[in-house]
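Participant: Each chain, letter by letter, is given below.
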Amino acid sequence: MEELVNLFHGFAVALQPFNIMVMVLGIVLGVIIGVLPGLGGANGVAILLPLTFSMPPTSAIIMLSCIYWGALFGGAITSILFNIPGEPWSVATTFDGYPMAQQGKAGEALTAAFTSSFVGALFAVIMITLVAPLVASFALQFGPAEKFAVYFLAFCSFVGLSKEPPFKTIAAMMMGFALAAVGLDSITGQLRLTFGFTELLNGFDFLIAVIGLFGIGEILLTMEEGLSFRGGKAKINLRVVMETWKGLPKYWMTSLRSCIIGCWMGITPAGATPASFMSYGIAKRVSKNGKNFGKGEIEGVVAPETAAHAAGTAALLPMLSLGVPGSPTAAVLLGGLLIWGLQPGPMLFVEQKEFVWGLIASMYLGNLFGLIIVLTCVPIFAAILRVPFSIIAPLILVLCAIGAYSVHSSTFDVMLMLGFGVIGYLLKKCNYPLAPLVLAIVLGDKAEEAFRQSLLGSQGSLGIFFSNPLVSTIMVLGLIALFWSAIQEVITRLRGTRTAAA
Amino acid sequence: MTTDSSGAAGPTHGPRHKVVEAGVAVLFALFGVVVIIGSWKAGINWGAEGPRAGFFPFYIGLFIVVSSAINLWHALRDGDDGLFAEWGQLRQVMSVVIPTAIYVGSMPFIGLYVASIIFIGYFMRWLGKYRWLTVLGVALGMPIVTYFIFERYFLVPLPKGPIEEWLGL
Amino acid sequence: MKSSVLRLALATVAAFCTSGIASAAWEPVRPVEFIIPAGTGGGADQMARTIQGIVTKHSLMKQPMVVINKSGGAGGEGFLDVKSSAGNPHKIIITLSNLFTTPLATGIPFNWKDLTPVAMLALDEFVLWVNAEKPYQNVKDYIDAVKKAPPGTIKMGGTGSKQEDQIITVAIEKATGTKFTYIPYKGGGEVAVQLVGNHVDSSVNNPIEAVAQWRGGKLRPLCVFDGKQMAYGDPIADGKGWKDIPTCKSQGLDMEYLMLRGIFMSPKATKDQVDYYIDLFKKVRATPEWQDFMKSGAFNTTFMTGDEYAKWVEGEEKRHQVLMKEAGFLAGN
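Protein chains in written order, with my numbering: chain Y, -13 to 488; chain X, 1159 to 1327; chain F, 3 to 335.
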């Protein structure tokens, strides 16, 4: 009850005219940041952080968190329109979002993505409002072994999905792992696979690989087929929003499941990326329309977007209550809190009530405003696809180059990006799946780090991955997910023999 | 990579799918070998405190080599005998790859802005056949907008060349 | 927003005019890049962004200050970038101990002498922390417990590998004849939370990384790795403040370690240029925001410039060489 009173007080804080203005400004900036590749949420918030020093802390954190919501919304736009995910967690959105855009259903895909983002965020905020302290203690259960188990589950629920030949999937995924390993090994503090090239110190950033493989690769494929985007006849009026909304409620089960996955991943804190992949993988297995996934199924947009946004929102909870960020952007926000003289941690909820509940209220309002803003822009975004290819293609290439450059301020990365583009074109033509490759680049080094931290702690004993009920459960879930198709086959066979016997 | 050697190719000519696929598998295997060599240098054994830096990459490299060998075998045995792409199509693809490579390669020397103006201009004029006025508008407009968004508002410096230096930007 | 663009434009014009008049003192004529050889959200990042905020808020510079993270290869990326920008006075870098540890541990071609020293802004303290649920009330309790346990079963969490936290851990082992298992994590905040969750047994977090957990009654400080106690007396938890934490030396753990938070600039900088930045940081230090920041992180506010600073850095480099060699952390080992 006390929480609700606090929340209403929070709404009063967030609804002050100055704070509303700050909120809208933050959302708009966030969407711009999300759309421009290379200026991801973390960078965007970091860049704008100093600008907020002259504001009161509550307004400042409202603005920064709204930039974050905006960036989460914005990440879906380029994924759907151009197959270029601006953020790691938008990768899974491209799988069905881009095919939809190619079929002239960009408006539907965007509406579904934005709406699911909102639903996911709303679910996570409600959870934060009601059970924050409880959830915080759950997050403390997660040591390295539990984190590894979560990454393991993310991989398992995603692999074995692709229809491509298994050895091609393995080759692609292993290439991703190998690329993720380049650079500094965080456990021994030693360089590996750099062969003395200082350019390789950073390793291969996910964004550069993705901009190349997905974005440039797609442009090359389009060139091969003649100079046109196939999404040219996208409907561009607001009615598409209403029509899509009518169809969405029937995916409530997918949404709910994705919300739960998202919240869990956000709190643990594994982050939004495994959440989106895991949610997509599970939806594909469980859904009746599973076999249409990857061909432009709206459920394939709903699942990852809901989970990503729920995770992104839930990630702020461990940041506030424990001082450990659940995502890179949360890490920057955390820095901001410290600079404003607020110490995140167990005492924040007690000592800084106005700030915390103002922030939570702004999560509700910020997401609502964000949804309204991006939905009204759907026709504009969809209309971008009507721009002739020979104008939009060079612009996309230039933006990709800027995006690749601004990750590490390095022109070497821009060349890498083009290299990845050619590789992406060849791999796609040769029927290699790109998604496992990207998943491996994003999560590979984190999974390895957690694995080796666990082994350090257990003095090399693998038993640590089954040492308590929590980690064992997650590992077993992972194994079930990995052998799901085999298990399914056994079940159908058993049934088959039974019916045959009968 | 395949290059178009036969200039006057008919519509049904082009590299076989099989050949390209085999080539990709070989490239993959080479990559795997590089990874193995690199891991070897970093130490591949299981030390007293768990695996060393090269432990995982080494096995990853092995996996890559083995699976590419299988892929190569598949490609050669029952690979697709059809066309990978027609030479004409590949020429289209190269007409993007080569200018982009020049664009990317020139960026460290002349900066992003000048390179972008030339690149967008080339693309629109020669591939899109737009009027010069439109070409100039887009080719100049986009980098200028970029300059204001990135350098002025978001304070993200992008690569600059002698011309920007001379202009004092 | 518009006004800030306008202001920037005006500032540029103004800078142009002044540079045209060829005044005696040097001033930046283009945006100054402030490199952070660490990731977003870490200690160096927080400090650099605080400085950027202070500079912007108080208009201490006519040109904008642009903060760029170059964290690749334990910061090696950032150092090499500044090293290769000889003669470009619009590039400064904030350093932490990885100024010494990264080249030693990875063998990248870099030494602090490749850069021009500007000023030491502060020194960051290290504190030995344990979980508050554990019975250890002082250093002796804890070390005794470590000695009793089978070697290697007590876990020390820290930031990064072969960097300051692990150096301190090895030094503790040497001083007490014990053996820890050191587990490296990505960031200090994560280490503190792992300690709260009992996934490690102790940590040597910087004050700012663990203060929230201390206030929340989850962690207990045992001692500070400094020659004297910290200066900040305001109570934080149980009526105790930073000042009440004893030095490790007084507790029988003879080890001192402070981490440099200093500024360097690109090679071949002139005296005018260095003086400009020294002056700028003096102004930054005088602001109330900076003092609040120092207090929140219980920093040691020693300020040094010029030869004194260079000499200090040289001494630290030698010390790190010895420490890292003893620990077997040098590249190629």
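To be clear, the hints were calculated from the coordinates, so they are not data collected in a lab.
Be a bit skeptical, because a hint or two may be false.
Covered, in the sense of this in silico footprint (three residues per stretch, anywhere, with C-beta under 8 Å from a C-beta of chain F), are these stretches of chain Y [what the hints assert, rightly or not]:
id, region
1, 128 to 140
2, 182 to 189
3, 228 to 240
No more than 30 Å apart at the CA atoms, straight line, and that leaves these computed lysine-lysine pairs for DSSO-like [as the list claims (entries may be wrong)]:
id, chain 1, residue 1, chain 2, residue 2
4, X, Lys1176, Y, Lys414
5, Y, Lys339, F, Lys320
6, X, Lys1199, Y, Lys149
7, X, Lys1318, F, Lys59
8, X, Lys1199, F, Lys181
9, X, Lys1287, Y, Lys277
10, X, Lys1199, Y, Lys415
11, F, Lys142, F, Lys230
12, Y, Lys415, X, Lys1176
13, F, Lys242, Y, Lys339
14, F, Lys85, X, Lys1199
15, X, Lys1199, F, Lys230
16, F, Lys64, X, Lys1318
17, X, Lys1318, F, Lys230
18, F, Lys327, X, Lys1199
Here a beta-carbon is modelled for each residue, glycine too, at the ideal position from N, C-alpha and C.
Participant: Confirm or reject each hint.
Facilitator: Now for the hints, and whether the structure bears them out:
1. Counting residues of the region 128 to 140 of chain Y whose beta carbon lies closer than 8 Å to any beta carbon of chain F gives 3, which meets the minimum of three for the stated coverage.
2. Counting residues of the region 182 to 189 of chain Y whose beta-carbon sits less than 8 Å from any beta-carbon of chain F gives 4, enough to reach three: the coverage restraint holds.
3. Residues of the region 228 to 240 of chain Y with a Cβ under 8 Å from some Cβ of chain F number 0, which does not satisfy the need for three, so the listed coverage is violated.
4. About 14 Å separates the Cα atoms of X/Lys1176 and Y/Lys414, which keeps this hinted pair within 30 Å; it holds.
5. As the CA atoms of Y/Lys339 and F/Lys320 are separated by approximately 49 Å, the hinted pair breaks the 30 Å bound.
6. A distance of roughly 36 Å separates the Cα atoms of X/Lys1199 and Y/Lys149; the hinted pair therefore is violated under the 30 Å criterion.
7. Using a Cα cut-off of 30 Å, the hinted pair X/Lys1318 and F/Lys59 holds, with the two alpha carbons roughly 28 Å apart.
8. A hinted pair counts as satisfied when its Cα atoms are at most 30 Å apart, and X/Lys1199 with F/Lys181 qualifies at roughly 28 Å.
9. Proximity of X/Lys1287 to Y/Lys277 is assessed by CA-CA distance (about 42 Å); at most 30 Å being required, the pair is judged violated.
10. At roughly 34 Å between alpha-carbon atoms, X/Lys1199 and Y/Lys415 are farther apart than 30 Å, so this suggested pair is violated.
11. Proximity of F/Lys142 to F/Lys230 is assessed by CA-CA distance (about 19 Å); at most 30 Å being required, the pair is judged to hold.
12. For the given pair, Y/Lys415 sits about 11 Å from X/Lys1176 by alpha-carbon distance, which is consistent with the 30 Å threshold.
13. Taken as a hint, the F/Lys242 and Y/Lys339 pair is honoured in the structure, with Cα atoms around 24 Å apart against an allowance of 30 Å.
14. Simply put, F/Lys85 and X/Lys1199 have alpha-carbon atoms about 27 Å apart, close enough for the 30 Å limit, and the pair holds.
15. Restraint check for X/Lys1199 and F/Lys230: not satisfied, since their Cα atoms lie roughly 44 Å apart, outside the 30 Å limit.
16. Among the hinted pairs, F/Lys64 with X/Lys1318 is consistent with the structure: their alpha-carbon atoms are about 21 Å apart, no more than 30 Å.
17. As the CA atoms of X/Lys1318 and F/Lys230 are separated by approximately 49 Å, the hinted pair breaks the 30 Å bound.
18. Restraint check for F/Lys327 and X/Lys1199: the C-alpha separation of about 21 Å stays at or below 30 Å, so the hint holds.
Figure legend: structure checked against the earlier numbered hints; hints not met, in rising order: 3, 5, 6, 9, 10, 15 and 17.
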